[in-house]
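Trainee: Hints given; two lone chains; assemble the complex.
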Amino acid sequence: EAGVTQFPSHSVIEKGQTVTLRCDPISGHDNLYWYRRVMGKEIKFLLHFVKESKQDESGMPNNRFLAERTGGTYSTLKVQPAELEDSGVYFCASSDREETQYFGPGTRLLVL
Amino acid sequence: ILNVEQSPQSLHVQEGDSTNFTCSFPSSNFYALHWYRWETAKSPEALFVMTLNGDEKKKGRISATLNTKEGYSYLYIKGSQPEDSATYLCAFMSGGSYIPTFGRGTSLIVHP
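Protein chains in written order, with my numbering: chain F, 5 to 116; chain W, 4 to 115.
The set of hints was computed from the structure by calculation and includes no laboratory data.
Among these hints, one or two may not hold up.
[To be verified] 25 Å max Cα-Cα, derived DMTMM-like pairs, lysine to aspartate or glutamate: (1) F:Lys45 / W:Glu86; (2) F:Lys45 / W:Glu48; (3) W:Lys62 / F:Glu87; (4) F:Lys48 / W:Glu18; (5) W:Lys45 / F:Glu46; (6) W:Lys81 / F:Asp100; (7) W:Lys72 / F:Glu46; (8) F:Lys45 / W:Asp58.
[Stated by the list, open to error] So the derived label-pair ranges between C-beta atoms look like this: (9) F:Gly63 / W:Lys45: 21 to 29 Å; (10) W:Glu59 / F:Thr9: 30 to 38 Å; (11) F:Ser57 / W:Glu18: 21 to 29 Å; (12) W:Glu8 / F:Gly75: 36 to 44 Å; (13) F:Lys19 / W:Glu59: 27 to 35 Å; (14) W:Gly82 / F:Arg68: 44 to 52 Å; (15) F:Lys82 / W:Asp58: 37 to 45 Å; (16) F:Leu116 / W:Ser21: 38 to 46 Å; (17) W:Glu73 / F:Ser13: 36 to 44 Å; (18) F:Gln84 / W:Glu18: 45 to 53 Å; (19) F:Val42 / W:Lys45: 16 to 24 Å; (20) W:Asn32 / F:Gly7: 28 to 36 Å; (21) F:Thr9 / W:Ser88: 22 to 30 Å.
Positions of the beta carbon are idealized from the N, C-alpha and C atoms, including for glycine.
Bound-form chain W, shown alone (with noise of 0.2 Å):
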């Protein structure tokens, strides 16, 4: 059984901030890491595939880190606002397996 966390949870921030969250995976056997953006009654949406140790991806204000080595990806957000207010889900897929395990995602609240 495959272990991916997230941390933190959830997350309150005031509009204006920045943040970061974590996801951890297992450090053997990597493929890629997905990281998806949900809000509820919509579809999850791709933000980043990852793929390699040390891929830096950026989309607008959200960006993610990838250590391979140590089994870990950061999201980032500069500037939170109202609208990034979603659940952050990473999904890790292991070589051999094109099957993701999801973490439980955390879930961002931006407040104005």
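Looking at chain F on its own, in the form it has when it is part of the complex (with noise of 0.2 Å):
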């Protein structure tokens, strides 16, 4: 079975720019999360989808950030414009209990 798959990997752009991170959760897996990890500080929680439907934004830090889980299935998250503090790996999870979530290898953003 695959897993949760992110991409890009990596992706360096300049402050300003707009980024799109893409997640491809487990196949049948309802929730969906999405994760953020400052360099030295915790994995914080941005939001959580169930289906298509946004369960709980309260992570998000502000409306430069943009969450689609349209269908249900894959979900992006653009950060538009970007600024430097966005800088960090950006980590998806699924779950079909909300128990157990499986995380992605995250995407590791750097904002120049």
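Mentor: Below, the structure is given as structure tokens:
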């Protein structure tokens, strides 16, 4: 069974540019989560989808971040315009039951 | 805001040494405690999900204990090997929320 995949694995952009991250969850998993880890800090929750609906987006830092999950399959996280403090590792996770989450390898974003 | 602390922040040991580290979390409203193993550029890998006070779980040379009354969990590695080098993350889930709160992790380096 394929795990959670994320694309791209790395992205280097300039401040003010736009970046879109993609997450493909494990097939059949209704729950999809986005997290971010800034270097040296803890992994922090951004938002939670159940199918195509946003269940909880309390962790989204501001309106420069937009997450979508059209059709309830893959999800995208767009940062527009990117700022220096957005640099970090963006993880996606999915689950069929809410207790056990399976993580992707992350997208390493560097904003210069 | 839930406080999840991991100590030590980093640890260097020699191959063959046994080691342990700590995750502390709020002692009230406990639901579950997760341990993950994360190698850079790979997906965080779930090691244990612990739900009951007094739980002890084992996976090969790695084991974990849980004390929900005092709010801590220990992760033990017996006979460390270089391939055990990774960051070990714990994540606390409180009752009523399926969103985990992560600690900052313990970075373990095992020297041959």
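Trainee: Just to be sure I understand the hint, the distance between the Cβ atoms of lysine 82 of chain F and aspartate 58 of chain W should be within 37 to 45 Å; is that true here?
Mentor: holds, 41 Å
Trainee: With respect to the beta-carbon atoms only, verify the hint that leucine 116 of chain F and serine 21 of chain W lie 38 to 46 Å apart.
Mentor: holds, 43 Å
Trainee: Please work out if lysine 72 of chain W and glutamate 46 of chain F have their alpha carbons no farther apart than 25 Å.
Mentor: holds, 24 Å
Trainee: Would you say the C-beta atoms of glutamate 59 of chain W and threonine 9 of chain F sit inside 30 to 38 Å of each other?
Mentor: holds, 34 Å
Trainee: Is lysine 62 of chain W within 25 Å of glutamate 87 of chain F, Cα to Cα?
Mentor: violated, 42 Å
Trainee: Is the gap between the beta carbons of valine 42 of chain F and lysine 45 of chain W within 16 to 24 Å?
Mentor: holds, 19 Å
Trainee: Can the restraint linking lysine 48 of chain F and glutamate 18 of chain W be considered satisfied, given a maximum Cα separation of 25 Å?
Mentor: violated, 32 Å
Trainee: Okay, asparagine 32 of chain W versus glycine 7 of chain F on CB: inside 28 to 36 Å?
Mentor: For glycine 7 of chain F against asparagine 32 of chain W, whose Cβ atoms are near 31 Å apart, the range 28 to 36 Å holds.
Trainee: Could you say whether the range 22 to 30 Å given as a hint is met by the Cβ separation of threonine 9 of chain F and serine 88 of chain W?
Mentor: Cβ of threonine 9 of chain F to Cβ of serine 88 of chain W: about 25 Å, so the range 22 to 30 Å holds.
Trainee: So the hint says 27 to 35 Å: do the beta-carbon atoms of lysine 19 of chain F and glutamate 59 of chain W match that?
Mentor: violated, 49 Å
Trainee: Would you check the hint for lysine 45 of chain F and glutamate 48 of chain W, treating anything up to 25 Å between C-alpha atoms as holding?
Mentor: Holds, at about 19 Å.
Trainee: Honestly, do glycine 82 of chain W and arginine 68 of chain F meet the 44 to 52 Å range at C-beta?
Mentor: holds, 48 Å
This entry does not satisfy hints 3, 4, 6, 8, 11, 13, going by the numbered hints stated previously.
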